[in-house]
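*Asks:* Chain A is already provided as a structure; the job is to place chain B on it using the hints.
Each protein sequence line maps, in turn, to chains A and B.
Okay, so the first sequence: first residue is 62 according to my numbering, each after it adds one.
Okay, so the second sequence: first residue is 62 according to my numbering, each after it adds one.
FYI, nobody ran anything at the bench for these hints, they're computed from the structure.
It is possible that part of the hints are untrue.
When chains are identical, the list treats them as one kind, so a pair holds in a single copy or across two.
As the list claims (entries may be wrong) - Cross-link-like lysine to any residue pairs, in silico, SDA-like; alpha carbons within 25 Å at most:
#, residue 1, residue 2
1, 547, 122
2, 136, 547
3, 547, 375
4, 547, 152
5, 547, 223
6, 547, 352
7, 136, 434
8, 547, 179
9, 136, 545
10, 343, 538
There are 2 protein chains.
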Amino acid sequence: MTTETQISGTTALELEEILTSAAAAAAALGSYLPAERALLLEAAANALDNAASELIPVAQRESRLAEGRLSGELKRTTFQLRLFAEVLRDGGYLDVRIDHADQAWPMGAPRPDLRRWMEPLGPVVVFAASNFPFAFSVAGGDTASALAGGNPVVLKVHSGHPELSTRTARILSAALRDAGAPEGTFAVVYGTQAGADALRDPRIKAGAFTGSIPGGRALFDIASARPEPIPFFGELGSNNPVFVTSAAAAERGSDIASDFVASFTMGSGQFCTKPGTLVVPKGSDIVEALRGTALPGPSPLLNPRIQAGYVEVLQTLNANPGIQVLAQGTDPLADPPSPTLLLTTAAAMLSDPRALQAECFGPSAVVVEYDDESQLDALAESFEGQLTATIHGTDECEVASLLRILARKAGRVLWNEWPTGVSVTYAQQHGGPYPATTASGSTSVGTAAINRFLRPVAYQGFPDHLLPVALQESNPLSVARMVDGKR
Amino acid sequence: MTTETQISGTTALELEEILTSAAAAAAALGSYLPAERALLLEAAANALDNAASELIPVAQRESRLAEGRLSGELKRTTFQLRLFAEVLRDGGYLDVRIDHADQAWPMGAPRPDLRRWMEPLGPVVVFAASNFPFAFSVAGGDTASALAGGNPVVLKVHSGHPELSTRTARILSAALRDAGAPEGTFAVVYGTQAGADALRDPRIKAGAFTGSIPGGRALFDIASARPEPIPFFGELGSNNPVFVTSAAAAERGSDIASDFVASFTMGSGQFCTKPGTLVVPKGSDIVEALRGTALPGPSPLLNPRIQAGYVEVLQTLNANPGIQVLAQGTDPLADPPSPTLLLTTAAAMLSDPRALQAECFGPSAVVVEYDDESQLDALAESFEGQLTATIHGTDECEVASLLRILARKAGRVLWNEWPTGVSVTYAQQHGGPYPATTASGSTSVGTAAINRFLRPVAYQGFPDHLLPVALQESNPLSVARMVDGKR
Chain A
62 MTTETQISGT TALELEEILT SAAAAAAALG SYLPAERALL LEAAANALDN AASELIPVAQ
122 RESRLAEGRL SGELKRTTFQ LRLFAEVLRD GGYLDVRIDH ADQAWPMGAP RPDLRRWMEP
182 LGPVVVFAAS NFPFAFSVAG GDTASALAGG NPVVLKVHSG HPELSTRTAR ILSAALRDAG
242 APEGTFAVVY GTQAGADALR DPRIKAGAFT GSIPGGRALF DIASARPEPI PFFGELGSNN
302 PVFVTSAAAA ERGSDIASDF VASFTMGSGQ FCTKPGTLVV PKGSDIVEAL RGTALPGPSP
362 LLNPRIQAGY VEVLQTLNAN PGIQVLAQGT DPLADPPSPT LLLTTAAAML SDPRALQAEC
422 FGPSAVVVEY DDESQLDALA ESFEGQLTAT IHGTDECEVA SLLRILARKA GRVLWNEWPT
482 GVSVTYAQQH GGPYPATTAS GSTSVGTAAI NRFLRPVAYQ GFPDHLLPVA LQESNPLSVA
542 RMVDGKR
Chain B
62 MTTETQISGT TALELEEILT SAAAAAAALG SYLPAERALL LEAAANALDN AASELIPVAQ
122 RESRLAEGRL SGELKRTTFQ LRLFAEVLRD GGYLDVRIDH ADQAWPMGAP RPDLRRWMEP
182 LGPVVVFAAS NFPFAFSVAG GDTASALAGG NPVVLKVHSG HPELSTRTAR ILSAALRDAG
242 APEGTFAVVY GTQAGADALR DPRIKAGAFT GSIPGGRALF DIASARPEPI PFFGELGSNN
302 PVFVTSAAAA ERGSDIASDF VASFTMGSGQ FCTKPGTLVV PKGSDIVEAL RGTALPGPSP
362 LLNPRIQAGY VEVLQTLNAN PGIQVLAQGT DPLADPPSPT LLLTTAAAML SDPRALQAEC
422 FGPSAVVVEY DDESQLDALA ESFEGQLTAT IHGTDECEVA SLLRILARKA GRVLWNEWPT
482 GVSVTYAQQH GGPYPATTAS GSTSVGTAAI NRFLRPVAYQ GFPDHLLPVA LQESNPLSVA
542 RMVDGKR
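Only chain A is shown next, with the shape it has when bound in the complex (with noise of 0.2 Å):
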């Protein structure tokens, strides 16, 4: 791309071009040890970190984040295109296992040589979300995860930060190919036209993707429908519920109030893992301190779609007779909007959850008080697939029903914590069953992201210098492997 901020879509044209080099890439990219890799994930982390000064005011004119929020989302992804790189050089995630030959195997016939391990799946479509115009951008957890694994990545530009991902994708290519990256590693597209176009093409062989219901549904559909069906990893859609039992409220109410408003309201409200669902015990101290509570002032969403759509939602919510207001600024609908709180009971929520527990995309919450504790299992029941679910309790209360229908329902269950700020972990799960995701065994963030763009190849009888490097006798790179079924 030769302009500094690309309008236009990119074109069939130049679509095949990116496409076809991203396919002969994929050999090469996949053929490097991981440790090889690794400096690519690592001269690419450098390089975007030297580059904070250009991106950081780019990102802030484009996004309306603030400066602190952006410079730290820099680093976090700096950190994560590093930890990939650890990861690399683990080479656990291989999942290597290794079955000698053995005549006495008592299935019934002798057992082969088998030697199993993970390889890159091939080029994979990454589509980039809004509201982390870094860390789940150009050179995001998706691109981070995919590069990793040894899969050349086509990115679509999200057309709400097109400067800054231009920008950003000159400095991740160039650092790839000045550290040796093949031709083709890195590419990025602009328009709805040229990503669905890509995912539709039979040389990309998985997607990904971050934003709404609607939109993921579609390309999750498109993925799917193709005469070769391909693994589509969508983040879509949440509403983080947060359920507190009368012993923590009775302990604690005030501050879980504050610490409540602090989360929903934070980055504007603009985190897929906002709490956008209080569950309180009736006359407990929360409603009244946050009737009483001082909200944050208005600020700016992410651009006017984001805002036109948080408005929308918003005045459905307002018209839904279950719903009153519990707390706003003068300014709810206003750009930019003061943050909202509203109101219902268990009952409401009960009788029509799919209006009330629609997600707000913007610092909107709602409360709904519960009569009784025994009302929360079925409230818990009443949502749907979610990226997180969070119990607030003390730890006398009888919480284990409760906490199993969570986990059955969420990729991440929290005791006494808040959702939002989602650690980049060996642990971390970032993905639920549908709609928080397409693919609820996967996740998005965390090492275990990697997992996603891999698929396991065996090896049955081959000579060790026919074999991958990690699959040899010797173990020349030092992996974990399981051999013979011992770890």
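*Replies:* Then chain B, alone, in the frame of chain A:
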């Protein structure tokens, strides 16, 4: 089911009861400790072994397979159940990851205490196959791995062996119940309609299938189009090409020819790993050896539908202008059919790969003569996704490029061995890119098959007593865990 052989399909009312019961069983079965579920699987294995003399004659009658083959298959089936019991006791499949809270986590924000493991998906519908009436049917690999993972199973009986299915299901259900499995852990349904309806039902959380490409694709489409899409693990079709280098043909051409005949005619060619294509150098001994070979006599196919499908595909192949008959018995299209070997050239195969590589389920195969080893890469590239791909070579052959292509096309690659006979082991991989399977990241044979029916859940900030046992700090189950990134 009360009758010995249910011919009519399961009614909507019966299905509703079965699904209600499966959904009710899910929480209880999922909350068993892995070692407790191991006892269920072992009880099932023992009961099936004890019933061999009842089951095998029924299987012979319904499948037309030989007694020796069927008793071996039953042994494989019960071995598989016991191997999954070992997997459960080992616990490594839980992929437990523990991150202790870390204020100094270099991401820029403190790391919370996060503990991640794998939990069951919920009730699974399994579609039985015809060609393995034990190993890929009622108590076969999909059932074993889904149950091992803690998921109730609703099994759709294959119409090819209804009485065997009913008897096997009765024995399996009783064994599970007597060993303490919750009511609803296992049930069978009959008929295409009931199977499809089960797959559409919101209480079902995954599907598994072994069978034809059209049948599997139709079910995959149902699973993907649901309001809540679910994973569908279909094993559909594969040609399993075998590539013979010039050096291997010169060194041991006649052995390759006779071993190939044994492999493609094994079980009347009714294996998903039957080698459907043998690629050999023009002018080698192999073609002449095959032309003069004594092919096995006629042998019945599983059922009239498979016989009719075999004849149809074989007639289409025969009519292709690029095809000649290389060798066949007297009655290639009769019931039972004599084996058939067809002959074509590299040029013909490259000009019409979809026609000449169509899976022909039965005792036939296509031999392709190449002029020059430089054609091997293009021939390999001409194949769609495969379960297996094989090279016959010598230590001196330069096959790196061919091997890289085949590892991209197939889930299992073999060297100087034959693809039939899929060992149930830790490192087995039975699954490849579409159309071999609908989910190339998974396997339906081997211990990794359990992964299909699990999803990750992370617990953040929980006190020890509320955590699943495998995640508790003292590691009460002594499972292998990744702690703070270290294994």
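*Asks:* Is it within a copy, between copies, both, or neither that the alpha carbon of residue 547 lies no farther than 25 Å from that of residue 122?
*Replies:* Cα proximity of residue 547 and residue 122: none, with 55 Å in one copy and 41 Å across.
*Asks:* Are the CA atoms of residue 547 and residue 152 at most 25 Å apart within a copy, between copies, both, or neither?
*Replies:* both (17 Å within a copy, 11 Å between copies)
*Asks:* At most 25 Å between C-alpha atoms: does residue 547 with residue 223 qualify within a copy, between copies, both, or neither?
*Replies:* neither (50 Å within a copy, 39 Å between copies)
*Asks:* Have a look at residue 547 and residue 179 and pick one of within, between, both or neither, based on CA distance no larger than 25 Å.
*Replies:* both (18 Å within a copy, 20 Å between copies)
*Asks:* From the Cα coordinates, with 25 Å as the cut-off, is the pair residue 547 and residue 375 best called within, between, both, or neither?
*Replies:* neither (55 Å within a copy, 46 Å between copies)
*Asks:* With 25 Å as the alpha-carbon cut-off, assign the pair residue 136 and residue 545 to within, between, both or neither.
*Replies:* Answer is between; shortest inter-copy Cα gap is 21 Å, intra-copy 42 Å.
*Asks:* Can you give me the call for residue 547 and residue 352, within, between, both or neither, at a CA distance of at most 25 Å?
*Replies:* neither (58 Å within a copy, 47 Å between copies)
*Asks:* When Cα atoms must be at most 25 Å apart, do residue 136 and residue 547 count as within-copy, between-copy, both, or neither?
*Replies:* Between copies only: 23 Å across chains, 39 Å inside a chain, cut-off 25 Å.
*Asks:* Regarding residue 343 and residue 538, is the shortest C-alpha distance of 25 Å or less found within a copy, between copies, in both, or in neither?
*Replies:* So residue 343 and residue 538 fail the 25 Å test inside a copy (59 Å) and across (41 Å) alike.
*Asks:* If the cutoff is 25 Å on CA atoms, where do residue 136 and residue 434 land: within, between, both or neither? Let me know, please.
*Replies:* Neither, since 42 Å and 51 Å both go past 25 Å.
Hint violations for this structure: numbers 1, 3, 5, 6, 7, 10, all remaining hints satisfied.
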